[in-house]
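We have chain A already, so just place chain B on it with the hints.
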Amino acid sequence: MLPIQIQPEQATDEILAFNRKLGAGLQNLLKIGPIDAGVTPKEVVYREDKLTLHRFKGNTQPRNPVPVMIVYALVNRPYMTDLQEDRSTVKGLLDAGLDVYLVDWGYPDRADRYLTLDDYINGYIDRCIDVIRKRHNLDKINILGICQGGTFSLCYSALHPEKVQNLVTMVTPVDFHTKDDLLSHWSQKLDVDLLVDTMGNVPGELLNWTFLSLKPFRLMGQKYMDMVDQLHDQRKAKNFLRMEKWIFDSPDQAGEAFRQFCKDFYQRNGLIKGEVRIGEQQVNLRNVAMPVYNIYASEDHLVPPAASIALRDHVGTKDYTEQAFPGGHIGIYVSGRAQKEVPPSIGKWLEKRS
Amino acid sequence: EGKTLTTARELYDVWVDCCEDVYGDYVATDEYAELHARLVNTLMALKRHAGAIIDEVLGAMNMPTRREVNTLHHRLQQMRREGNAMRTESAALKEQVELAIRGGATSVKPQATAKAAATTRRKKPKTQVRRQSSGESTAKGE
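Line by line, the protein sequences are chains A and B.
Just so we're aligned, residue 1026 is where the first sequence starts under the working numbering, counting upward by one.
Just so we're aligned, residue 118 is where the second sequence starts under the working numbering, counting upward by one.
Source of the hints: derived by calculation from the structure; they are not laboratory data.
Keep in mind that the hints are not guaranteed to be accurate.
With a straight-line Cα cutoff of 20 Å, these simulated DMTMM-like cross-link-like pairs (lysine to aspartate or glutamate) come out [unchecked claim]:
(1) LYS1204(A) x ASP1338(A)
(2) LYS1214(A) x ASP147(B)
(3) LYS1067(A) x ASP1120(A)
(4) LYS211(B) x ASP1155(A)
(5) LYS1159(A) x ASP1216(A)
(6) LYS1377(A) x ASP1120(A)
(7) LYS1248(A) x GLU1039(A)
(8) LYS1082(A) x GLU1068(A)
(9) LYS1288(A) x GLU1305(A)
(10) LYS1159(A) x ASP142(B)
(11) LYS1204(A) x ASP138(B)
(12) LYS1046(A) x ASP1061(A)
(13) LYS1365(A) x GLU1073(A)
(14) LYS164(B) x GLU1034(A)
(15) LYS1240(A) x GLU215(B)
(16) LYS1343(A) x GLU1376(A)
(17) LYS1288(A) x ASP1274(A)
(18) LYS1165(A) x ASP1151(A)
(19) LYS1288(A) x ASP147(B)
(20) LYS1214(A) x GLU151(B)
(21) LYS1204(A) x ASP142(B)
(22) LYS1248(A) x ASP138(B)
(23) LYS1214(A) x GLU148(B)
(24) LYS1288(A) x GLU1300(A)
(25) LYS164(B) x GLU1305(A)
(26) LYS1165(A) x GLU1376(A)
(27) LYS1240(A) x ASP142(B)
(28) LYS1263(A) x GLU212(B)
(29) LYS1240(A) x GLU127(B)
Only a predicted model underlies this, so the values are computations on that prediction, with no experimental measurement involved.
Isolated chain A (complex conformation) (with noise of 0.2 Å):
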C-alpha cells in the first residue's frame, strides 16, 4: 500500500477548511488591537544613555534579601522574561520571594556605535550593580544572565567577583566551537572587520534572517500553517502576535562590541582559552569562584546543550550546579512546564546561598 493515501474529496474539503478558518482569522486579527507586553508593575531605578534598569514590583515583599539583576542579550528585547501574565519569568522570580531588577539596553543607533564590551561590562552592568548595592546597602548581589547576558555575566563574575554573590547563567554559550553550533560553524570565516567597518552597527533584521535561516521551513512556513489554527480565539491569536512582535524586535548592535563578541568568542573561541580581554583585563573564569547554577535547555539549537555545559570545567567554584530543561531556546521562558519548574528552581538554590 503507497504510505501517500489522501482522496480528492477529502484533499479539497481540507483546503476549503483551511480557507475558511484563514478568512475568520483575519477577521479577529482586525479586531484584536495593540499587542502588549511586559506584564509585571515596575519602576526605573536608574538610567544611562539607552540603557535603564527596572525593579520589579511583586505582590509581597521579598524573601530573600539579596536582589537578583537580570542581564539579558543584546541581541534580543528582555520583555521576554515578562512576556505576559501566565508566561513569566519575571513574575516566577518575583512569586519565588527574589527582588528583581532588569537591565534593559534599549535600541543602540549610530551614535552607540563605538560601544565597546568593556563599555557594557565594566560601564554599564558594574554601574547598574553599584546602584543595587547602594540602595540595598549590600558589598554583593545575584546576577541572573541570559544567553548572552550570561556570557558578559561570567566575564563581569570574573573581572568583579567582589560585587557578585551567586550567578546564575541560562542558556549561555560558553564553548563557542561545539561540534552542532551552526551559528559558530556560518562565522569562522566572515571578515567581522569589514562587516563593522562597512554597517557600523549591525542591524538587528541581518541578525534576525540569520536566525530564521538556521530553520527556515519550521519558522518561515510552518509556523504560520500552525497560526491558522490559533487565529479564530482571540486569546490565542495574541499569545502568536506577541512572539512575533518579540520575534522581530530585534535591536542593532553596537559595531565595536559586536566586532569584539564575534571575533573573540565565536571564531577564536576565547573564553575558555582564557584570552579574552575586556578593557585591559584578561578574563580568567577561574575567578568565577562565587556558587554557580548552569541552566541549559536540552533541544536549543542557538545555544547547543554541550555550549553551556562546557562551563562545569571551566570555573573555579566549588558550589557548581547545572540544570538540564528539556525543551528550546525561548520554551525555557515561555513554555508552561518553564513557568512551573525553572524560577523556582532558581529561587530554591538563590535561597540556601543568600
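Just chain B now, with coordinates in the frame of chain A:
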C-alpha cells in the same frame, strides 16, 4: 516509517521535516560556510565601495561625511570613558576624605559629631539619572 499519510497537512509536515533534515545537513558543511561567508563578505565589500563614493560626493558638496561623523563618535566615546573613569576616581577619593574626616572627628564634641553625621546621612534613594541628553531616543525608530 510505517505511517500512512491521509491528509494534505500531514504530507506538508513530513515535507517540512525532510526539507529541514536535508537543509540542516548541507548548511553544516564547510562548503556552505565558505560560500555563505564569501557572499556576505562580497556584499559588504560592494557596500563599502558604495559608501566611499557617497562620502566623496558629500565631501564635494561640503556636507558632513560618514567618515567625519564616525571620527566624532569615536572621539566622543573616548572622552565619555575618560569622564567615567574620572568620576569613579573622584568618588573613591571623596569617600577616603570623608572616612579621614570621620576618623579625625572622634576628638570633637558630641554635638559637632551629630551635626557632621546628619549632613553626611544618606538620603532615601530616588531614581538616578546619570546622563540624559535631549536627543536620546528610547524606542526603536524614534
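Against the structure, the hints come out as follows:
1. LYS1204(A) x ASP1338(A): Holds, at roughly 17 Å.
2. LYS1214(A) x ASP147(B): Holds, because 10 Å separates the two Cα atoms, which is no more than 20 Å.
3. LYS1067(A) x ASP1120(A): Given that 20 Å is the threshold and the Cα spacing comes to 15 Å, the pair holds.
4. LYS211(B) x ASP1155(A): 16 Å, holds
5. LYS1159(A) x ASP1216(A): 43 Å, violated
6. LYS1377(A) x ASP1120(A): Cα-Cα ~16 Å, so holds.
7. LYS1248(A) x GLU1039(A): This hinted pair holds, its Cα atoms lying about 18 Å apart.
8. LYS1082(A) x GLU1068(A): Given that 20 Å is the threshold and the Cα spacing comes to 8 Å, the pair holds.
9. LYS1288(A) x GLU1305(A): 17 Å, holds
10. LYS1159(A) x ASP142(B): Violated, at roughly 52 Å.
11. LYS1204(A) x ASP138(B): 17 Å, holds
12. LYS1046(A) x ASP1061(A): Violated, because 25 Å separates the two Cα atoms, which is more than 20 Å.
13. LYS1365(A) x GLU1073(A): Between LYS1365(A) and GLU1073(A) the Cα gap is close to 34 Å, so the pair fails against 20 Å, i.e. violated.
14. LYS164(B) x GLU1034(A): 53 Å, violated
15. LYS1240(A) x GLU215(B): 60 Å, violated
16. LYS1343(A) x GLU1376(A): 18 Å, holds
17. LYS1288(A) x ASP1274(A): Violated, at about 25 Å.
18. LYS1165(A) x ASP1151(A): Holds: LYS1165(A) and ASP1151(A) sit about 12 Å apart, inside 20 Å.
19. LYS1288(A) x ASP147(B): Holds: LYS1288(A) and ASP147(B) sit about 19 Å apart, inside 20 Å.
20. LYS1214(A) x GLU151(B): 6 Å, holds
21. LYS1204(A) x ASP142(B): 13 Å, holds
22. LYS1248(A) x ASP138(B): 17 Å, holds
23. LYS1214(A) x GLU148(B): Holds, at roughly 11 Å.
24. LYS1288(A) x GLU1300(A): Judged against 20 Å, a Cα distance of about 12 Å means the pair holds.
25. LYS164(B) x GLU1305(A): 33 Å, violated
26. LYS1165(A) x GLU1376(A): Distance ~15 Å between LYS1165(A) and GLU1376(A) Cα, so the pair holds.
27. LYS1240(A) x ASP142(B): The given pair, whose Cα atoms are some 12 Å apart, holds under the 20 Å limit.
28. LYS1263(A) x GLU212(B): 52 Å, violated
29. LYS1240(A) x GLU127(B): Holds. LYS1240(A) to GLU127(B) sits at ~19 Å (cutoff 20 Å).
The structure is inconsistent with the numbered hints 5, 10, 12, 13, 14, 15, 17, 25 and 28, although it conforms to all the rest.
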